[in-house]
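Asker: Residue numbers for the sequence shown follow my numbering, beginning at 113 and rising by one.
The hints are simulated quantities; they were obtained by calculation from the structure and are not laboratory data.
The structure displayed is predicted, hence computed values, not measured ones.
Glycine is no exception: its CB is placed at the ideal position from the N, C-alpha and C atoms.
Heads up, a few of these hints could be off.
Said to hold, decoys possible - Computed Cβ-Cβ distance ranges for the label pairs, DEER-style:
no.: 1; residue 1: 268; residue 2: 153; range: 20 to 28 Å
no.: 2; residue 1: 366; residue 2: 130; range: 51 to 59 Å
no.: 3; residue 1: 260; residue 2: 170; range: 27 to 35 Å
no.: 4; residue 1: 372; residue 2: 302; range: 52 to 60 Å
no.: 5; residue 1: 189; residue 2: 350; range: 41 to 49 Å
no.: 6; residue 1: 292; residue 2: 271; range: 47 to 55 Å
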Amino acid sequence: ARHWERMAAPGASSLGEDLVAHVLSFVGGREAWRARRVCQTWARSMAGTSLYATCRGSAGTDGEARPALELDLSGCRLDGPRVLLLCDLLRSRPPVQLPNAGRAPELRVDLGGLVGVGGAAVEVLRAHGGRARLVELSLCGCGELDLNTLCAALSPSSSGPGGRHLRSLSLSGCHGLRGELAAALHEYCPALTELDASGLAAAGSAALVRALGLNLRDLRLDNTQLGDCRTFCRAVAELHRTAGLAAPLPLRRLSLSGCGLTDGAVRALGSLL
């Protein structure tokens with residue numbers, strides 16, 4: 113937050129709270145969150161400022177893109193009382209009904225690289241309740257995240273639908289995820305079409321294909337040591353048989369950068385995909 117500390121020098125503070133509030137009203141997401149913590153004057157000036165930004169959402173039935181909301185808190189520290197403060201802010205200034213959004217607006221959340229992510233992810237995602245539909249979530253680099261916490265964040269509850277509308281999920285670098293990740297995503301994220309699970313074990317990658325292969329359009333498994341790829345190929349072949357597929361899987365993109373594939377593995381994958 114050194115950038116904000118420099119701006120909060122006496123010369124900037126002498127501008128007056130009204131002018132400071134006007135300038136900071138153009139700031140959103142993680143910068144707004146950080147700016148609130150510079151000093152009490154800035155915190156008061158930003159009392160009515162939303163942490164959400166607007167972005168382009170998916171197209172409606174008329175083909176026109178609907179406005180969506182974005183909450184970018186990537187790289188922020190969310191430990192201790194900061195989690196409580198953030199969730200209070202999200203609840204007191206929840207996502208609004210955007211013009212031409214129709215039903216509850218789409219919401220994209222980036223919590224990538226958070227420090228102290230643990231239960232913070234659960235609290236942040238549940239703070240929105242049913243006022244927005246979570247369609248995109250990035251937890252990239254949250255090495256502390258475990259499977260139980262992820263399930264708690266994505267499971268439906270009385271406060272909201274969880275991951276029911278989620279279409280895109282990034283778990284790259286979440287090395288703490290162990291156990292039945294594929295089964296959990298299949299249960300809590302039925303609409304999931306894009307998944308980044310880079311760095312997972314080979315067995316976990318095969319399980320993801322078995323559970324989600326008929327829905328996924330974009331799958332990233334970079335830096336996953338697949339080796340000769342036999343387990344992965346068996347999973348794809350098994351999915352073909354059980355689903356009675358005459359055509360390849362519906363994947364439009366499969367990224368296996370840094371997976372150490374042998375020439376034979378590449379040929380085997382090519383024949384299946």
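Asker: So, for every hint listed, does it hold in this structure?
Answerer: Here's how the hints hold up against the structure:
| no. | hint | verdict |
| --- | --- | --- |
| 1 | 268 <-> 153: 20 to 28 Å | violated (41 Å) |
| 2 | 366 <-> 130: 51 to 59 Å | holds (54 Å) |
| 3 | 260 <-> 170: 27 to 35 Å | holds (31 Å) |
| 4 | 372 <-> 302: 52 to 60 Å | violated (33 Å) |
| 5 | 189 <-> 350: 41 to 49 Å | holds (44 Å) |
| 6 | 292 <-> 271: 47 to 55 Å | violated (24 Å) |
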